[in-house]
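Go by the hints and put chain B onto chain A.
Protein chains in written order, with the working numbering: chain A, 1 to 510; chain B, 1 to 510.
These aren't lab readings, by the way, just hints derived from the structure by calculation.
Bear in mind that the values here come from a model prediction, so they are computed numbers and not experimental data.
Treat the hints with care, as some may be off.
Chain copies aren't distinguished; within one or between two, either way the pair holds.
Listed below are the simulated DMTMM-like cross-link pairs for lysine to aspartate or glutamate, each with C-alpha atoms no more than 20 Å apart in a straight line [what the hints assert, rightly or not]:
#, residue 1, residue 2
1, Lys456, Asp34
2, Lys456, Glu44
3, Lys304, Glu412
4, Lys304, Asp335
5, Lys456, Asp470
6, Lys304, Asp148
7, Lys456, Glu419
8, Lys456, Asp232
9, Lys456, Asp91
Protein chains: 2
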Amino acid sequence: MDSRPNFSPSPSRLRLRRLGIDTYQEPVLFMHRDCPVCSSEGFEAQSRVEIGLAGRTIVATLNVVTGDFLAPDEAGLSEAAWRLLSPSPGDQATLRHPPPLESLGHVRAKVYGRRLTEAAAQAVIGDIAAGRYSDLQLAAFVTACAGDRLDLQETVDLTRAMFRAGERMRWGDGLVMDKHCVGGIPGNRTTMLVVPIVAACGLRMPKTSSRAITSPAGTADAMETLAPVDLDVARIRRVVERTGACIVWGGAVRLSPADDILIRVERPLDLDSQGQLVASILSKKIAAGATHVLIDMPVGPTAKVRSDADAAHLSRLLHAVGAALELTIRVAPTDGLAPVGRGIGPALEARDVLAVLRGGAGAPVDLAGRACSLAGEILEMGGMAAAGAGRALAQEVLRDGRAWRKFQEICEAQGGMREPPVAAHVREVPAARSGLVAAVDNRRLARIAKLAGAPKTACAGIDLHVVPGDFVERGQALFTLHAGSPGTLAYALDYALQQPEAIQVVEDAW
Amino acid sequence: MDSRPNFSPSPSRLRLRRLGIDTYQEPVLFMHRDCPVCSSEGFEAQSRVEIGLAGRTIVATLNVVTGDFLAPDEAGLSEAAWRLLSPSPGDQATLRHPPPLESLGHVRAKVYGRRLTEAAAQAVIGDIAAGRYSDLQLAAFVTACAGDRLDLQETVDLTRAMFRAGERMRWGDGLVMDKHCVGGIPGNRTTMLVVPIVAACGLRMPKTSSRAITSPAGTADAMETLAPVDLDVARIRRVVERTGACIVWGGAVRLSPADDILIRVERPLDLDSQGQLVASILSKKIAAGATHVLIDMPVGPTAKVRSDADAAHLSRLLHAVGAALELTIRVAPTDGLAPVGRGIGPALEARDVLAVLRGGAGAPVDLAGRACSLAGEILEMGGMAAAGAGRALAQEVLRDGRAWRKFQEICEAQGGMREPPVAAHVREVPAARSGLVAAVDNRRLARIAKLAGAPKTACAGIDLHVVPGDFVERGQALFTLHAGSPGTLAYALDYALQQPEAIQVVEDAW
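Chain A with its partners taken away, still in its complex shape (with noise of 0.2 Å):
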């Protein structure tokens, strides 16, 4: 690391530009290579660069641009850099040496095999929620981290750190429900019915969902199709006083920050941490002001937890952070093999939860089942049913209608509800061969309908006729594509056709 040089012999400023290049949420600085202020500091290719406007710094990551498109005297921002730093056209930006980066000694330690400590945890989570670790920086630290290599103590001072390093709901006293899915499973939106079924018998459920990170829908996406989700803490406070509960995205109010930025390396790294992954699921928790959480913790081969033993281990270290956290966790394993209800994509998911909350005959049974176990333990957890009485309490409420005015309800006060875009591009994919359906791949399923559009374009995504155990003729649909423009729907129909483990026929052998 360069250490910064204690004097700055004439301010180093030069005009921002909003380059439009999207570098996934890393800053990037880019500055000619006769740019002057890049040779008075010392900078070079791969610099950490801090920028100050009107009071506010972030840090960047250097490329030098030896091309024409950027003039000496410019400083050029990449799309994360310039949405932290929101400068007006023709703003000059302060450019100097970050200061040095202490808290990678403890990165470097914890490298070595040493504890994370609390002020440790403290140091490393303040430096990366203020975004001064850069990408490599990060990946060291996700690394130092995975492979079990944070113990039970380290895991509770990582949460709180990552908690406190953002901001923090409070709803007052009384109990504040929450759920959360681990994930891997598309369609799985119970979410939208689980929060209307709780909230319908008087539990506060302010829920805040993510959007999709690389999933055909998140819940927020899916919900945005109903209502608006994009509201800022003092709408969100007055929709939770007005209804008992909300469904918005998370984006817009600042809860445990460290969490988004660590997401962005971890999801190409792909390195499985269950201390860092419990962190993440309850530092966000915590920072929303819950006091009881549900983990709907799927279980399957091509789900995030695969196995029985991952879900025994992940299940004791939720409870034993949660515990240590004062926060009340129930974790709820279910049956991870196969997407839940029928649409995947933001408007289809949306279609099958009106269809389960309007009661009507097409409604998706694993669905609305599956719903109302969840909001049953979260029923139990909060004290309005008897151990083991939850389950049927939500389906009451469910089946007689008052989860459905509750949702309206949760709507308008988010601003006004509408129905789901519909597709206008929308094609049958047949089955291959006679015979039972014996495997779902959801991991080929979720690549289908991102290649159709999902979750950018919100009416695109597949629409299922099958569920494991079916059986079925050659050429009967085996799901529909639905897509934004007829480019998508030939896109996304040619590499599902080459996709038979999607949706995998073996012929009968009897």
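Same frame as chain A, but now just chain B:
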């Protein structure tokens, strides 16, 4: 990781364009958001993309452009990507998903504490050398192996995988001497003396050196001020056949290419790993065809090896790995307290070397002494001197002009000898008080030399006038700054005046 769809509905081709963006060696691809390939292939920011051109393929990280400096039918390349593909203007490249990176499984296994097997090391290093790892993935591998997590056998296997992944120079029968300095001491330009001394005694010493990575000058930078160093393999061979030695830049030969790639992430992470250091050093030497290697290991608080215990541990590992790979190793711990010679910077270091070779009155005795010690060790290893008699032989060869004649011979064979350039802008930096020169901070001096323009400006750097233990009067020159322009001179001077710790003068206590 994305898996590669096993089809391609239409080959995805775009016109390549050199954008002139230096991303510090990571190959980066820029595509416009509206580019048809982006949407049809499902690429998004941070996707890894395989770029194919005329049978050659590289893998690059995608940045998505929304600005207007790139057209939708263009694929912009960073400098590193452009170098690797070396396209002609207007060339069209094929863009597709790279094959799944199976070797990442071995990295994950190492993260989880399992051993890196020989097959795993071959697979990982093969993919790294082929440029298939992103910087994030490289950082994960480096971190997983750091903290002394590689045992002896893993280090041997890693070393073997590294030299096998590139070219290997072969020199026929007989001894091939080499040396390596572990680094951290500015101005330690002994190689340019050791090679002619050793070669003058009849030992073969084909020396490939590096350019500066973080220092104000590498051996290749200093040598280049006296003779061409950028020779291809055939030229190198001719020089060695004619003179028995060479001092060239190793960059033109693909020796242990994974090492160069790993270094680009090790540097910003600053994670010390003795296993990786040994694999890095020895894989380069074996690839260069050496049979006997002397390791110059400066030990000192601001050198790379900071304590005698570290030095002992590193020595043991070097010997053990060398023995396993049939390489004879000798380690020479040297004083790492202060710079060697007077000059810091390519031309100033070359000037010191010339002074020693020519035997002038002002030649730095510390540089001459150290070079003779190291050369003596090599002469003993090569059987040219009895144990303990090598240093005296080296001194004789230096004193009687044989080394100087051999050096001139080498320079002529490499393309012709020249005088090093002299800076037009110089300025003395005076002592702020009278007293004893107590300590010299190698890192601060290196930074001042770099601010003055070294190594890019060959004549730039620092000329030291004092060594620890000297007494100085207030106002007496501690060193002279050399620069290529008045601006950089003023800048480096400003900085130097604020860094009294660079050369620490303590007042006389008597």
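Of all the hints numbered above, which does this structure not satisfy? Sort the numbers upward. 3, 5, 8, 9
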